[in-house]
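4 protein chains.
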Amino acid sequence: MTIFDKLESKVQSYALSFPVTFHKASGCYLYDEAGNEYLDFLAGCGSLNYGHNHPVLKQALLEYIGNDGIAHGLDMHTRAKGVFMQNFQDAILAPRDMDYRLQFPGPTGTNAVEAALKIARKVTGRTNIISFTNGFHGATLGAVAATGNSYHRDAAAVPLTNVTRMPFCGYYGQDADTLNMMDKLLSDASSGIDRPAAVIVETVQGEGGLNVAAIAWLKGLEKICRKHNILLIVDEIQTGCGRTGTFFSFEPSGIQPDIITLSKSLSGYGLPMALVLLKPALDQWKPGQHNGTFRGNNHAFVTAATALDHYWRDDRFSREIEKKAGILSHRLKKISDQAGVTQLRPKGRGMIQGLQCKNGAIAKKITGRAFARKLIMETSGNDDQVLKCLCPLTITEAELNEGLDRLATSVFEVLDDNLRKVS
Amino acid sequence: MTIFDKLESKVQSYALSFPVTFHKASGCYLYDEAGNEYLDFLAGCGSLNYGHNHPVLKQALLEYIGNDGIAHGLDMHTRAKGVFMQNFQDAILAPRDMDYRLQFPGPTGTNAVEAALKIARKVTGRTNIISFTNGFHGATLGAVAATGNSYHRDAAAVPLTNVTRMPFCGYYGQDADTLNMMDKLLSDASSGIDRPAAVIVETVQGEGGLNVAAIAWLKGLEKICRKHNILLIVDEIQTGCGRTGTFFSFEPSGIQPDIITLSKSLSGYGLPMALVLLKPALDQWKPGQHNGTFRGNNHAFVTAATALDHYWRDDRFSREIEKKAGILSHRLKKISDQAGVTQLRPKGRGMIQGLQCKNGAIAKKITGRAFARKLIMETSGNDDQVLKCLCPLTITEAELNEGLDRLATSVFEVLDDNLRKVS
Amino acid sequence: MTIFDKLESKVQSYALSFPVTFHKASGCYLYDEAGNEYLDFLAGCGSLNYGHNHPVLKQALLEYIGNDGIAHGLDMHTRAKGVFMQNFQDAILAPRDMDYRLQFPGPTGTNAVEAALKIARKVTGRTNIISFTNGFHGATLGAVAATGNSYHRDAAAVPLTNVTRMPFCGYYGQDADTLNMMDKLLSDASSGIDRPAAVIVETVQGEGGLNVAAIAWLKGLEKICRKHNILLIVDEIQTGCGRTGTFFSFEPSGIQPDIITLSKSLSGYGLPMALVLLKPALDQWKPGQHNGTFRGNNHAFVTAATALDHYWRDDRFSREIEKKAGILSHRLKKISDQAGVTQLRPKGRGMIQGLQCKNGAIAKKITGRAFARKLIMETSGNDDQVLKCLCPLTITEAELNEGLDRLATSVFEVLDDNLRKVS
Amino acid sequence: MTIFDKLESKVQSYALSFPVTFHKASGCYLYDEAGNEYLDFLAGCGSLNYGHNHPVLKQALLEYIGNDGIAHGLDMHTRAKGVFMQNFQDAILAPRDMDYRLQFPGPTGTNAVEAALKIARKVTGRTNIISFTNGFHGATLGAVAATGNSYHRDAAAVPLTNVTRMPFCGYYGQDADTLNMMDKLLSDASSGIDRPAAVIVETVQGEGGLNVAAIAWLKGLEKICRKHNILLIVDEIQTGCGRTGTFFSFEPSGIQPDIITLSKSLSGYGLPMALVLLKPALDQWKPGQHNGTFRGNNHAFVTAATALDHYWRDDRFSREIEKKAGILSHRLKKISDQAGVTQLRPKGRGMIQGLQCKNGAIAKKITGRAFARKLIMETSGNDDQVLKCLCPLTITEAELNEGLDRLATSVFEVLDDNLRKVS
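Residue numbers (the working numbering), protein chains in the order written: chain A, 4 to 426; chain B, 4 to 426; chain C, 4 to 426; chain D, 4 to 426.
A couple of the hints might just be wrong.
What follows is a set of in silico ranges between Cβ atoms, one per label pair, in the way DEER data are often shown [as the list claims (entries may be wrong)]:
id: 1; chain 1: C; residue 1: P290; chain 2: B; residue 2: R99; range: 47 to 53 Å
id: 2; chain 1: C; residue 1: T345; chain 2: A; residue 2: K222; range: 30 to 36 Å
id: 3; chain 1: C; residue 1: D340; chain 2: A; residue 2: S190; range: 26 to 32 Å
Pairs of lysine to aspartate or glutamate residues, derived as DMTMM-like cross-links and limited to a Cα-Cα distance of at most 25 Å, are as follows [what the hints assert, rightly or not]:
id: 4; chain 1: C; residue 1: K289; chain 2: B; residue 2: D408
id: 5; chain 1: C; residue 1: K187; chain 2: A; residue 2: D8
id: 6; chain 1: A; residue 1: K13; chain 2: B; residue 2: D71
id: 7; chain 1: B; residue 1: K289; chain 2: C; residue 2: D386
id: 8; chain 1: D; residue 1: K61; chain 2: C; residue 2: E36
id: 9; chain 1: A; residue 1: K9; chain 2: B; residue 2: D100
id: 10; chain 1: A; residue 1: K13; chain 2: B; residue 2: D93
id: 11; chain 1: A; residue 1: K13; chain 2: B; residue 2: D286
id: 12; chain 1: A; residue 1: K187; chain 2: C; residue 2: D71
id: 13; chain 1: D; residue 1: K226; chain 2: B; residue 2: D386
id: 14; chain 1: A; residue 1: K289; chain 2: B; residue 2: D93
id: 15; chain 1: B; residue 1: K289; chain 2: A; residue 2: D191
id: 16; chain 1: D; residue 1: K187; chain 2: B; residue 2: D71
id: 17; chain 1: B; residue 1: K226; chain 2: D; residue 2: D186
id: 18; chain 1: C; residue 1: K61; chain 2: D; residue 2: E254
id: 19; chain 1: D; residue 1: K13; chain 2: C; residue 2: D93
id: 20; chain 1: C; residue 1: K361; chain 2: A; residue 2: D157
id: 21; chain 1: D; residue 1: K230; chain 2: B; residue 2: D286
id: 22; chain 1: A; residue 1: K230; chain 2: C; residue 2: D93
id: 23; chain 1: B; residue 1: K368; chain 2: D; residue 2: D191
id: 24; chain 1: B; residue 1: K13; chain 2: A; residue 2: D100
id: 25; chain 1: A; residue 1: K377; chain 2: B; residue 2: E40
id: 26; chain 1: A; residue 1: K9; chain 2: B; residue 2: D191
id: 27; chain 1: C; residue 1: K289; chain 2: D; residue 2: D157
id: 28; chain 1: A; residue 1: K61; chain 2: B; residue 2: E36
id: 29; chain 1: D; residue 1: K9; chain 2: C; residue 2: E66
id: 30; chain 1: B; residue 1: K230; chain 2: D; residue 2: D8
id: 31; chain 1: B; residue 1: K9; chain 2: A; residue 2: D180
id: 32; chain 1: B; residue 1: K282; chain 2: A; residue 2: D157
id: 33; chain 1: B; residue 1: K367; chain 2: D; residue 2: D8
id: 34; chain 1: C; residue 1: K9; chain 2: D; residue 2: E254
id: 35; chain 1: D; residue 1: K289; chain 2: C; residue 2: D197
id: 36; chain 1: A; residue 1: K61; chain 2: B; residue 2: E66
id: 37; chain 1: C; residue 1: K13; chain 2: D; residue 2: D93
id: 38; chain 1: D; residue 1: K61; chain 2: C; residue 2: D386
id: 39; chain 1: A; residue 1: K61; chain 2: B; residue 2: D71
id: 40; chain 1: B; residue 1: K187; chain 2: D; residue 2: D8
Worth flagging that the hints you see were computed from the coordinates, not collected in a lab. Every residue gets a Cβ at the ideal spot worked out from N, C-alpha and C, and that includes glycine.
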């Protein structure tokens, strides 16, 4: 009986899917205590876009720690924080002509979402928030109210209030114009939908099953927000930092969110960090009003600043991602074609793509087989029916293909098994 | 104009009190970019009980990173996590005969509180939570509802629900028995106080102004909880990890909380980490029900495990803290005696003590003068009227006395000024 | 300056539309203090289905009062209550093969809705309720949360919670299947729509603008409720007591609601009375749990029992209503045809029909002109754009035609005026 | 099996205590179908201050109905309403130098409370309301949140929000100053008590167990409200219309509530009616914002106007009530003295007095014995332990003494029984 069996709460989940004890990690690989090597198509749920323990970031971190750089800085000014902010301004905001204030909330995605919802409500004086079917925004009480998953909602064990749900792009099928519906509800004084402070949206719903918001839909959503004087929050926690090719996933749409939330891969090294970007006019916080102890995790600032410097000074990394995303699309389509699109449907965009199985049971079998082949990957979606390829963006093409080979083999093993059972 | 002036949100607060840019830190000292040395009586608001960049922890961390130890592990089993859990069992739980499950929520105090409130509500099927006047439990929506401070409550910009407030120990003066009041309300079917899932309490209210729960009061509170079948949550986020002398601040009272929240100094290095301890019967979570990306911050596990090993295998550290706490009490009393107890009243216990000024304006002046003397300290309380000495527990007696000298000088400068103005 | 000007709250509304002081009333007519006679196409917003001061009911009431029949009976058994219940059983429930328990809530529609929502939540253990766009269910806090109108919602001045809105029949146009949408949301574990205790629906949305739920839609709604194990509440407050031809408006659809709310015309004399019908298995109230002082308004029981006896022992009254409804439909269609359907669109069914104008301003002008012709009628809808003919069901054909003549003249006066302005 | 057994919901409560079918009523007497005469010490829970079917009111009502006076008037101006308002101005407001606007909500007490809470929140822009331990304000969702009784609260089956509970006068014993506690909480920015829109209070808690707010306490409460800029709502639903001697029960204290709610005995005949009095500056309603069908129950206006005219043009009725209240006090004290104050403690004031038994079981036995003696009375309090004498104010001294004789006999029968069992 391990210490985990003895002491750890039953709330643990990934450990159930991958029942080994990991020890080391590098690039796309995880290693367990016995020295086995696993290819990582999970990447800390999108927190390791630059892979595990990236050598350049690692070096910067070791130096910083070695030199007694301040580790914990509350929200005080530190050199490391200043460098991060300057790099963020130079590499990210300025080239995109974006004018935002940076708020450092508690260092997790859900804290960023809580801050975003608070300031939106505070500034507008309205309490309602619109979020979307299958959206995921976090587990603390404010964020989970905006989250669609009943598994997480039920855990709150109180009614979740002040959030109204709208259908995401394509939710009612390709022919139904979900934006028109939303506009009608917001234009109708008796619809029963209270005018919201803000809309919060993901461009690709990661946990929700790799549902993609079309570019036209995002543009239309922005237009509705402007028309009804509603703030637009884009939750880039899983899609940001290059996951879809560009630094922000909304860039191809040209929309200008009022508030943007970032976390996960922001530190680049898997260290806890979160950031809220606010249009300057919205920065109506009073000092310390949204506080927290670990807003100044300087180790994360160091690796984050280094990652920005290393990857985002030009568009080479973006182009590299797009190339790999092309490979990923191509191979997923091939698998889908071979299996039949009713069996496996490709979903997602950029480097957040996957395959939708007929149900969660099939998907679970496939990820189980994949793990037996030392490929770590997970499922998402309302029935956990979507196989999710979320590998580091720094993966080599060879590694990517190797992983997809393992996935393909696992897929057909399971589908053939099912076929055999049926026949 | 610095990058901070240009880009950072107005939500920043400590930076306003300490308008320099820090760079390095070691033990009790912070250093700004110009090389000035500051004595730290703030200690990351209690997150740096072992001081900045403790050399033993630093060495362990450098080795771990250097060896490509896994940094980000979601909630997967990792060797570093296992070592932390084993050390926590051996050094903390076993010697105290405590049987708890360990839940790792998102790595901040507020996430720990959110998890604690959720599971309490889920297990009991009740929605109400009792928290206390002047209590502070975090800034996310679930936690801030349990927080007393209107400054933080107002920021939520929605009504805060499902929490009922009770008077803390001594709130209505020493003669009023606040526990009797609470018992009466809970025993009266028409009081309008819905039977709560849990009570959440701090043994010393850090943000609330160093209000101390008497041992008899804590025992009485536990008795009320048992009588009415209510869970008892002790929030040890600021008081835990030795701040009051013992590892848990409730130890002298002998109570047995159902749920305990820990964070702040848990990692020992200022790294984000949080822990919820649950009586085994309460561990009714389903896998992943309370999730989050950074629950497996392995760097924090490494330093946390090392800190437990280094400081908590025997009671030497506790005795050391008690000795310093004695010095602190003695000197604060002397200052109070000299100024008159109506001017400055000593408050707190262990190494979380301070002086209550007549109002926040005076306290603010004093911390300003202290900063000019390169002493970093803050205020707390409902009017920010309490000077809070929250230095690292590893401070030497000489450093402690030096800090208190600077404080005393600052205090009397301000009080004398005030006196002169009056006369 | 009248006593009304001096003392009455600005909350009064009908008095603004009809600025005279009424004194007497009989059948379809209201009389003001000066003796002017007004034809009543408002009928107490549907509370006077049998007209004002119906002679048979009046006689019964005078006798009851004259004989010192008990007027106020709390919820005690009284002979008058017993007679009402027996008549309700014999004339309404038994012939329709309906098995329900009768709950007498406070004597207003909103109290009936509050009771219905409470028992639905209590029995199912769920908190969410589904109500529909443009629905109206009352002004107390529980009922107004289910109401769509933002004018009434805003008056609550707190966030309205525990209700989710769905699109009513035809809300997104005739091609959009709103039931499919609802079914998808309820079938999707990540939709963010918490499984509700109940759905509350009107078969014709009176305040919402005479929107009619198609029979197939009602059947489909019932099917969804059964599939997802959700209670079905039909709010018959405005549509019940024969307004649409049958006693309950849902009868033509053949659905079997779990809970039915009645009020308005139930007493038959305009006296305050309300009734909740519960499937026996749902009658899980404890004694007095939903209480109120005026649940035993025996004067209302007397007139209600008399009305049931007089009108509902056979189907003659229903056939009579249908005949008049036919006249109403025919004439409204003629007006619409003459004006053009884009100018005036007929809406509603049975004796709750009207004409939708292009906007509320036009409709208001028309009702103003009608009042000048001594025709009392009001508007409804999200912009108050729908002219609502809600005359007593006992109106003669001659009176009905007379009223419609006055309406038609008023309509074309206003439309012609508008035309003149445009040209 | 009666029709009640077959059809009525289990929510009925009084019918359980008085298992007969009533038929007629006059003055202080109820008559069942068999012709038995019962002395009424319940008076429709305070709705029949002038007794059943008062001949003067009855005559006015018969005439009104006979002459086809308008029965149902929505919120339109009617002569009957005007007369009521004029009489209310002349007999009640003017002599007391009170300047208020009259709002007619739905005709029940709970609707009046809902209206009062809404306008208080709307005008102040705050959501919180303070209500008191053991307070009762109604059963609809907004009102029940302000109600203390868990039996009624639980029936809501959703968390009740936006209300904070404070201890009523004397709640913690005669030595504890509950107003000081309230003031401290409201003055402390970190108490966790959000500044409320309003305080709602009863001067005597009828359902709560005849707890009396001392005059000094009411004055102090008003002072706190003014100090913190909080509206003061006095709920006079049970205590108004002379129950304590003066028309409003707060008159002896000299306070000036911002809002007053009235219902129950307002119509004088037991007919549904409710009234909200608003200081003119608070009348910020928009037309129809708080609506309802039966706001214009003209039969109630007629009897209410007559009652005002008959009883409240001078102070004779008040003096008469005071005299009877003196008899009631005297005799209850005698019973208490004889039984021992630990067995039976007198409570209440004016004509809302009673005896507190050791527990609800004893009280229930006593009211059972009383009913066997044809005395109708009920219990109240958090354990239903308080015998409540709530007879019509028009009772003769002989009838009063007769009822108290029956009560006394019932009391000692039960106490002696208990004694015998013990010995």
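Violated hints, by number in ascending order, as checked against the structure
Of the numbered hints given earlier, those the structure breaks are 4, 5, 6, 7, 12, 14, 15, 16, 17, 18, 20, 21, 22, 25, 26, 29, 30, 31, 33, 35, 38, 40, listed in rising order.
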